[in-house]
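Sequence order for the protein chains is H and P. Quick note: the first sequence, position 367, residue 435 per this note's numbering, numbers continuous. Quick note: the second sequence, position 194, residue 251 per this note's numbering, numbers continuous.
The hints are simulated quantities; they were obtained by calculation from the structure and are not laboratory data. Every residue gets a Cβ at the ideal spot worked out from N, C-alpha and C, and that includes glycine. Just to be clear, a hint being listed does not mean it is correct.
Said to hold, decoys possible - Across the chosen pairs, the derived CB separations fall in these ranges:
#1 H:255 - P:71: 17 to 23 angstroms
#2 H:329 - P:216: 28 to 34 angstroms
#3 P:71 - H:247: 36 to 42 angstroms
#4 H:444 - P:234: 27 to 33 angstroms
#5 P:67 - H:188: 42 to 48 angstroms
#6 H:555 - P:243: 29 to 35 angstroms
#7 H:256 - P:71: 21 to 27 angstroms
#8 H:366 - P:71: 53 to 59 angstroms
#9 H:507 - P:63: 55 to 61 angstroms
#10 H:255 - P:235: 24 to 30 angstroms
#11 H:170 - P:338: 47 to 53 angstroms
#12 H:256 - P:235: 22 to 28 angstroms
#13 H:188 - P:88: 43 to 49 angstroms
#14 H:97 - P:71: 35 to 41 angstroms
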Amino acid sequence: MLFNSFVFLIFFAVVTSFYFIIPHKIRWLFLLIASCFFYMCFIPVYILILASTIVIDYFSGILIENAGTVKRRKTFLILSLVTNIGVLVFFKYCNFFIDNLNVIASLIHWNYSIQSLEIILPIGLSFHTFQAMSYTIEVYRDKQKAERHFGIYALYVMYYPQLVAGPIERPQNLLPQFHAKYVFEYNRVSSGLKQMLWGFFKKIVIADRLAYFVNLVYDHPHDYQGISIFLATIFFSFQIFCDFSGYTDIAIGASRIMGIDLMANFRSPYFSRSISEFWGRWHISLSSWFRDYLYIPLGGNRVKPMRWIFNLLLVFIISGFWHGAKWTFIIWGGLHGIYLVLEIFWRNLRKRFPVWMKWNQSNVFVKLLQIGFVFVLVSFAWIFFRAKDISTAGYIAMHFITGIPQYLSNLGRPHFLWLEPIIFNKYYKDYWMEFVMIVFSVSLMEWVHWVELKQNLVQFMNNKKVVWRWSFYMGIIYLILLFGIFHSNTEFIYFQF
Amino acid sequence: MLRFCIRFCLFVGILVIPLYILQGRFDRAIYTGSDQKPIWVQNVKNESYSYAIGGSSRAENNADVNTIDSLLKIKGINMGYSGSDLAENYLTLLTFLRNGNRLSNYVLQIDDWSLIKPDSAFSYPFHEYFFLTLLNDKEVGDVIRHEDGPGKYYLWKWIPFAKYAEFNYIYPIQKIFVHPHTIYNHTHGTVLLDDQMLDTVALEKRLGPIRHYPNSNSYSYLQKMKELCKENGIRLIMYTAPIYYKYHQCIENKACRSLISSFAKANQLNYFDYTSSAICRNGDLMMNEAHLNRKGTLLFSKLLADSLSNHLK
Numbered sequence: 069m070l071f072n073s074f075v076f077l078i079f080f081a082v083v084t085s086f087y088f089i090i091p092h093k094i095r096w097l098f099l100l101i102a103s104c105f106f107y108m109c110f111i112p113v114y115i116l117i118l119a120s121t122i123v124i125d126y127f128s129g130i131l132i133e134n135a136g137t138v139k140r141r142k143t144f145l146i147l148s149l150v151t152n153i154g155v156l157v158f159f160k161y162c163n164f165f166i167d168n169l170n171v172i173a174s175l176i177h178w179n180y181s182i183q184s185l186e187i188i189l190p191i192g193l194s195f196h197t198f199q200a201m202s203y204t205i206e207v208y209r210d211k212q213k214a215e216r217h218f219g220i221y222a223l224y225v226m227y228y229p230q231l232v233a234g235p236i237e238r239p240q241n242l243l244p245q246f247h248a249k250y251v252f253e254y255n256r257v258s259s260g261l262k263q264m265l266w267g268f269f270k271k272i273v274i275a276d277r278l279a280y281f282v283n284l285v286y287d288h289p290h291d292y293q294g295i296s297i298f299l300a301t302i303f304f305s306f307q308i309f310c311d312f313s314g315y316t317d318i319a320i321g322a323s324r325i326m327g328i329d330l331m332a333n334f335r336s337p338y339f340s341r342s343i344s345e346f347w348g349r350w351h352i353s354l355s356s357w358f359r360d361y362l363y364i365p366l367g368g369n370r371v372k373p374m375r376w377i378f379n380l381l382l383v384f385i386i387s388g389f390w391h392g393a394k395w396t397f398i399i400w401g402g403l404h405g406i407y408l409v410l411e412i413f414w415r416n417l418r419k420r421f422p423v424w425m426k427w428n429q430s431n432v433f434v435k436l437l438q439i440g441f442v443f444v445l446v447s448f449a450w451i452f453f454r455a456k457d458i459s460t461a462g463y464i465a466m467h468f469i470t471g472i473p474q475y476l477s478n479l480g481r482p483h484f485l486w487l488e489p490i491i492f493n494k495y496y497k498d499y500w501m502e503f504v505m506i507v508f509s510v511s512l513m514e515w516v517h518w519v520e521l522k523q524n525l526v527q528f529m530n531n532k533k534v535v536w537r538w539s540f541y542m543g544i545i546y547l548i549l550l551f552g553i554f555h556s557n558t559e560f561i562y563f564q565f
Numbered sequence: 058m059l060r061f062c063i064r065f066c067l068f069v070g071i072l073v074i075p076l077y078i079l080q081g082r083f084d085r086a087i088y089t090g091s092d093q094k095p096i097w098v099q100n101v102k103n104e105s106y107s108y109a110i111g112g113s114s115r116a117e118n119n120a121d122v123n124t125i126d127s128l129l130k131i132k133g134i135n136m137g138y139s140g141s142d143l144a145e146n147y148l149t150l151l152t153f154l155r156n157g158n159r160l161s162n163y164v165l166q167i168d169d170w171s172l173i174k175p176d177s178a179f180s181y182p183f184h185e186y187f188f189l190t191l192l193n194d195k196e197v198g199d200v201i202r203h204e205d206g207p208g209k210y211y212l213w214k215w216i217p218f219a220k221y222a223e224f225n226y227i228y229p230i231q232k233i234f235v236h237p238h239t240i241y242n243h244t245h246g247t248v249l250l251d252d253q254m255l256d257t258v259a260l261e262k263r264l265g266p267i268r269h270y271p272n273s274n275s276y277s278y279l280q281k282m283k284e285l286c287k288e289n290g291i292r293l294i295m296y297t298a299p300i301y302y303k304y305h306q307c308i309e310n311k312a313c314r315s316l317i318s319s320f321a322k323a324n325q326l327n328y329f330d331y332t333s334s335a336i337c338r339n340g341d342l343m344m345n346e347a348h349l350n351r352k353g354t355l356l357f358s359k360l361l362a363d364s365l366s367n368h369l370k
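With the hints as constraints, model all of the structure from the sequences given.
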């Protein structure tokens with residue numbers, strides 16, 4: 069059941085209505101049943117895997133808390149982590165290791181190949197596994213009391229709005245909210261619905277429309293000129309943002325209506341002026357997970373410089389690997405690690421510059437330059453995230469910038485179809501409206517982000533007269549109906565992780 | 058909660074009124090101005106034809122009505138269109154007759170692809186979007202509900218503009234109010250393909266065994282078409298258009314072929330099978346393995362006219 073389907077809208081309306089009708093005592097049970105149903109709409113049998121890890125983590129949490137010695141606590145923690153990571157490795161990484169072993173075997177002329185396993189990755193496995201691990205680690209660190217109510221703990225892992233693609237919640241935030249009693253609140257419901265609407269707009273109008281152009285180029289990159297490759301990559305940057313943040317907005321909005329606040333996952337990431345700032349604004353729940361449970365335990369930045377660099381690179385490579393069992397994801401993560409290391413070097417180097425050489429950081433032009441530079445770097449890294457294999461990624465990366473001068477030099481020539489390479493299609497005349505819609509929608513979204521740098525969009529709109537507010541919301545609904553992509557019901561990109 | 062409900066209803070009310078108006082505008086614009094072939098057929102009203110040719114692209118592209126008309130001195134129309142299965146052929150004939158048109162003979166191009174499951178025969182199995190303007194018609198609605206499921210049918214029927222939102226890639230707003238020039242008035246529905254010739258060498262390289270099994274749902278529409286013709290006093294004639302012989306040899310289709318033959322026999326219908334005619338052996342007359350090029354179509358249309366000459370009502 070995809071968020072961008074009509075079935076979900078019905079499911080959501082029914083679940084939310086009943087949630088407020090039934091007594092508080094049994095709401096957890098109702099939400100748990102609804103979440104099970106939601107999960108079983110994908111591959112029903114996989115709920116058994118989820119159920120078994122829930123049971124193990126539930127008891128691990130209690131055993132960790134009750135254990136008298138540090139050694140025993142550690143043992144139960146390891147039991148929980150091994151179970152979770154074991155499931156993740158088996159379903160997500162087994163074939164990756166088998167395929168690479170086969171490559172190595174053929175390189176050393178070892179005439180033996182291991183058969184790949186025919187398994188389908190359970191949906192959202194990486195997300196709920198990390199959320200479950202977060203619980204046992206927090207209990208081990210004495211930052212969270214073990215949850216004694218099995219149903220509430222199961223709901224913590226299975227809560228349907230964030231079950232398949234996050235945000236990866238922390239027990240301190242989510243568990244107490246499942247115990248609390250909520251009444252119907254106008255402002256909360258209204259703002260939740262508005263956030264959902266905004267999420268639908270980002271996914272259905274922008275991401276899915278951009279996907280058409282991105283897929284054209286990334287499926288057959290050799291058929292396209294440099295400028296098309298550059299633009300397709302830029303388009304992908306917006307596509308993945310709208311796809312993932314659109315999902316997150318729907319999840320947060322749906323949850324807020326029921327009174328449960330999920331953590332923010334994005335804060336206008338493409339307005340970042342440095343890579344470190346980008347990672348504080350992009351997929352915040354995952355980057356903070358890696359920071360708290362991997363980077364800091366490794367020593368963080370309170371170690372020797374070389375070790376610090378190692379820590380950074382390792383965390384980013386693992387983060388890349390978390391996304392998918394492919395070398396392209398590892399390179400993507402590694403590339404961001406390298407960006408960060410270079411940024412640290414640059415920051416240290418700049419301290420030694422004489423004053424006249426230093427940029428005025430508050431200058432608007434400097435800010436725009438920094439935002440643009442970071443955006444291009446991030447977009448370049450997305451090539452490896454999107455490309456189907458390393459050779460395709462290599463080809464696109466090699467042609468990322470090179471086509472622009474050639475395109476610009478052709479602009480002045482008579483009969484040069486300046487729009488054709490941009491719209492990637494010889495039938496570009498049929499697609500000009502699509503292109504205009506994309507430019508308009510992305511501009512609208514970035515305007516909203518610019519507004520959100522200062523205040524929340526809903527608060528911003530609440531200060532306007534009702535005529536303007538309702539016109540804006542209705543305008544968004546009309547844009548979704550007229551320009552949304554409904555026929556293909558495209559999955560969210562992050563569902564595959 | 059009451060405050061929320063009142064505001065929500067008010068918001069939905071204000072939202073829905075323009076959607077109803079927009080849906081009405083779309084209905085009108087599509088029904089009267091679309092350049093899509095089936096909608097052109099739906100706009101033919103109060104005409105009288107000796108015969109109509111129905112079927113998929115193998116009817117639309119391979120039977121030239123102008124040639125047949127000039128040879129037999131009669132008036133015909135080609136109602137076939139690309140990717141249409143028997144359910145759509147039935148709906149096209151039904152809406153054509155509803156418009157006060159009179160018809161003496163319905164010549165249906167039928168083959169394996171008409172009878173196998175539509176999703177394995179065509180890239181888009183059922184083109185419901187050609188019939189959205191007729192959604193409130195009971196019989197059209199029944200077919201759409203049967204093919205797309207009740208969920209979609211009621212969504213499109215009861216939620217204003219939902220049907221055009223889903224198919225906004227077929228009917229984009231920037232094109233909806235632009236009335237395009239339609240070619241069908243001059244060709245009477247036939248679309249002749251270009252003179253490109255079949256690359257027999259390339260085809261033979263990619264040929265492999267294909268199996269076609271009839272599908273009961275498709276067959277039920279054949280029965281319905283027969284009933285519809287009977288009710289309206291129309292003579293149903295069937296034919297199978299030429300297929301390139303090497304391609305045809307690869308297809309295991311005994312079940313489909315015998316079903317067509319037995320249907321024709323049981324209902325005493327004329328059935329002409331051209332899959333073993335001389336045209337099928339000449340790659341120069343084919344555009345691809347299942348479609349004739351312009352030259353092939355003109356030749357085949359003479360052949361078809363000759364076959365029909367003694368059997369038309």
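Cross-check of the supplied hints:
no., hint, result
1, H:255 - P:71: 17 to 23 angstroms, "holds, 21 angstroms"
2, H:329 - P:216: 28 to 34 angstroms, "holds, 31 angstroms"
3, P:71 - H:247: 36 to 42 angstroms, "holds, 39 angstroms"
4, H:444 - P:234: 27 to 33 angstroms, "violated, 40 angstroms"
5, P:67 - H:188: 42 to 48 angstroms, "holds, 46 angstroms"
6, H:555 - P:243: 29 to 35 angstroms, "holds, 32 angstroms"
7, H:256 - P:71: 21 to 27 angstroms, "holds, 23 angstroms"
8, H:366 - P:71: 53 to 59 angstroms, "holds, 56 angstroms"
9, H:507 - P:63: 55 to 61 angstroms, "violated, 38 angstroms"
10, H:255 - P:235: 24 to 30 angstroms, "violated, 45 angstroms"
11, H:170 - P:338: 47 to 53 angstroms, "holds, 48 angstroms"
12, H:256 - P:235: 22 to 28 angstroms, "violated, 45 angstroms"
13, H:188 - P:88: 43 to 49 angstroms, "holds, 45 angstroms"
14, H:97 - P:71: 35 to 41 angstroms, "holds, 38 angstroms"
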